[in-house]
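Asks: Sequence:
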Amino acid sequence: MNIFNQPILFKRISIAVSFAIVSLILWNTYTFFQKFKQEERIKMEILAEAQKELSRADLNSNIALPDKIITINNSIPMILADDKDEIIYANNLDSIKSLNPLYLREQLAIMKKENKPIEISYDGKNKQYIYYRDSDLLKKLTYYPLALILILVLFLSVIYLFYSSNKAAETNKLWTGMAKETAHQIGTPLSSLLGWIAILKAEKVDETYIDEIEKDVHRLNIIANRFSKIGSIPELQKRDVVLVTKKAFDYLQSRSSQQIYFSFSSSDTEIKTLLNEELFGWVIENLIKNAIDAMLGKGEVSLVIENSAKNIRILISDTGKGMPKKLFSQIFKPGFTTKKRGWGLGLSLSK
Numbered sequence: 001m002n003i004f005n006q007p008i009l010f011k012r013i014s015i016a017v018s019f020a021i022v023s024l025i026l027w028n029t030y031t032f033f034q035k036f037k038q039e040e041r042i043k044m045e046i047l048a049e050a051q052k053e054l055s056r057a058d059l060n061s062n063i064a065l066p067d068k069i070i071t072i073n074n075s076i077p078m079i080l081a082d083d084k085d086e087i088i089y090a091n092n093l094d095s096i097k098s099l100n101p102l103y104l105r106e107q108l109a110i111m112k113k114e115n116k117p118i119e120i121s122y123d124g125k126n127k128q129y130i131y132y133r134d135s136d137l138l139k140k141l142t143y144y145p146l147a148l149i150l151i152l153v154l155f156l157s158v159i160y161l162f163y164s165s166n167k168a169a170e171t172n173k174l175w176t177g178m179a180k181e182t183a184h185q186i187g188t189p190l191s192s193l194l195g196w197i198a199i200l201k202a203e204k205v206d207e208t209y210i211d212e213i214e215k216d217v218h219r220l221n222i223i224a225n226r227f228s229k230i231g232s233i234p235e236l237q238k239r240d241v242v243l244v245t246k247k248a249f250d251y252l253q254s255r256s257s258q259q260i261y262f263s264f265s266s267s268d269t270e271i272k273t274l275l276n277e278e279l280f281g282w283v284i285e286n287l288i289k290n291a292i293d294a295m296l297g298k299g300e301v302s303l304v305i306e307n308s309a310k311n312i313r314i315l316i317s318d319t320g321k322g323m324p325k326k327l328f329s330q331i332f333k334p335g336f337t338t339k340k341r342g343w344g345l346g347l348s349l350s351k
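Take 1 as the starting number for the sequence shown in the working numbering and just add one per residue.
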């Protein structure tokens with residue numbers, strides 16, 4: 001069984017694996033963070049003992065080791081204070097800011113909240129306390145799981161996009177194949193209909209009927225050609241935009257309600273540009289059909305062509321009821337429609 005062909009199963013497995021990985025990262029980081037924090041605590045306790053030894057030392061005592069222990073701390077910010085919170089000594093803080101007593105007081109308050117102080121007792125009478133906060137390295141470790149999770153999310157997003165694009169490509173191929181097959185199936189009876197028209201002409205049937213049949217057959221042929229071009233690179237030829245647009249406009253006008261007023265205007269009588277006449281006409285028809293449907297059989301459809309040095313603009317407007325602004329972003333999505341009957345493919349195919 002290929003899990004990529006089972007979307008629900010694939011999603012569930014992906015979520016489960018992602019949750020497991022994130023949980024493992026967070027647990028390992030938390031464990032490592034606590035261990036590192038405990039080691040810093042031990043370092044401070046050793047430093048406290050060294051400070052105590054230095055205070056007891058006389059002129060003949062060897063103070064090299066405790067002095068070395070105190071001076072070797074160059075990463076953990078600390079403050080030594082008495083039992084009245086009078087600051088005696090500070091280390092690994094900003095050297096410039098440390099000249100300001102207010103800054104040292106602020107740091108002392110932070111350290112009190114962050115870690116439990118280490119008590120130094122001198123013969124049970126005088127007491128001093130070492131206050132400290134986490135080193136910069138330990139603080140950076142708190143961002144480590146976030147960075148890993150971000151990388152994981154990015155990695156999973158790439159996998160998801162790859163999977164989605166493959167599925168979308170397969171779907172597009174399926175729709176393209178269906179469209180081409182539909183065009184092929186329509187083409188077979190069309191050829192027969194053309195033959196029957198020739199027979200009707202030979203039988204001297206009323207030309208009016210034959211002309212109407214020919215128009216509809218020609219129309220079906222255009223539709224078949226349009227469907228056959230879906231998924232293919234359109235062949236562009238230099239055509240008159242005004243003429244092609246007017247042709248599609250007039251076709252729908254002749255088949256619409258007499259209560260709908262159609263208005264067509266162009267800044268130029270002829271505007272030549274590269275286009276595919278059949279597909280371009282399809283777009284115009286879809287837009288005008290939507291305008292007609294929006295008016296429920298009564299109103300006005302206006303089409304204006306504007307030509308400038310860089311662009312050709314075709315503006316289609318109607319007096320229909322319109323749609324809520326919140327739906328604007330969905331109008332080109334396949335299957336989206338505001339009609340009771342409709343496939344919701346007109347605008348997506350036009351795009």
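What the hints contain is simulated information worked out from the structure, not anything from laboratory work.
These figures come from a predicted structure and were not determined experimentally.
Among the hints, a few may not be true.
What the hints assert, rightly or not - Straight-line alpha carbon distances no greater than 25 Å define the calculated PhoX-like cross-link-like pairs of lysine-lysine that follow: (1) Lys247 to Lys272; (2) Lys298 to Lys321; (3) Lys116 to Lys35; (4) Lys116 to Lys43; (5) Lys247 to Lys325; (6) Lys127 to Lys84; (7) Lys35 to Lys97; (8) Lys321 to Lys333; (9) Lys310 to Lys298; (10) Lys139 to Lys52; (11) Lys139 to Lys37.
Said to hold, decoys possible - Restraint-style ranges between C-beta atoms, simulated for each label pair: (12) Met323 to Lys113: 53 to 61 Å; (13) Leu243 to Thr319: 20 to 28 Å; (14) Phe328 to Gly297: 46 to 54 Å; (15) Leu274 to Asp250: 49 to 57 Å; (16) Tyr30 to Met323: 50 to 58 Å; (17) Tyr209 to Leu274: 21 to 29 Å; (18) Ile13 to Tyr103: 24 to 32 Å; (19) Ser350 to Gly297: 20 to 28 Å; (20) Pro324 to Asn28: 30 to 38 Å; (21) Met323 to Leu190: 53 to 61 Å; (22) Tyr103 to Tyr163: 22 to 30 Å; (23) Ile314 to Tyr143: 48 to 56 Å; (24) His218 to Leu152: 53 to 61 Å; (25) Val158 to Tyr30: 46 to 54 Å.
Ideal Cβ placement from N, Cα and C applies to all residues, glycine included.
Asks: Hint by hint, say whether it matches the structure.
Replies: Hints and how they fare:
no. : hint                         : in the structure
1   : Lys247 to Lys272             : holds (15 Å)
2   : Lys298 to Lys321             : holds (11 Å)
3   : Lys116 to Lys35              : holds (16 Å)
4   : Lys116 to Lys43              : holds (14 Å)
5   : Lys247 to Lys325             : violated (32 Å)
6   : Lys127 to Lys84              : holds (9 Å)
7   : Lys35 to Lys97               : violated (31 Å)
8   : Lys321 to Lys333             : holds (21 Å)
9   : Lys310 to Lys298             : violated (36 Å)
10  : Lys139 to Lys52              : violated (29 Å)
11  : Lys139 to Lys37              : holds (10 Å)
12  : Met323 to Lys113: 53 to 61 Å : holds (57 Å)
13  : Leu243 to Thr319: 20 to 28 Å : holds (26 Å)
14  : Phe328 to Gly297: 46 to 54 Å : violated (25 Å)
15  : Leu274 to Asp250: 49 to 57 Å : violated (23 Å)
16  : Tyr30 to Met323: 50 to 58 Å  : holds (52 Å)
17  : Tyr209 to Leu274: 21 to 29 Å : violated (39 Å)
18  : Ile13 to Tyr103: 24 to 32 Å  : violated (53 Å)
19  : Ser350 to Gly297: 20 to 28 Å : holds (23 Å)
20  : Pro324 to Asn28: 30 to 38 Å  : violated (50 Å)
21  : Met323 to Leu190: 53 to 61 Å : violated (36 Å)
22  : Tyr103 to Tyr163: 22 to 30 Å : violated (54 Å)
23  : Ile314 to Tyr143: 48 to 56 Å : holds (54 Å)
24  : His218 to Leu152: 53 to 61 Å : holds (59 Å)
25  : Val158 to Tyr30: 46 to 54 Å  : violated (27 Å)
When the structure is compared with the earlier hints, violations turn up for hints 5, 7, 9, 10, 14, 15, 17, 18, 20, 21, 22 and 25 and for no others.
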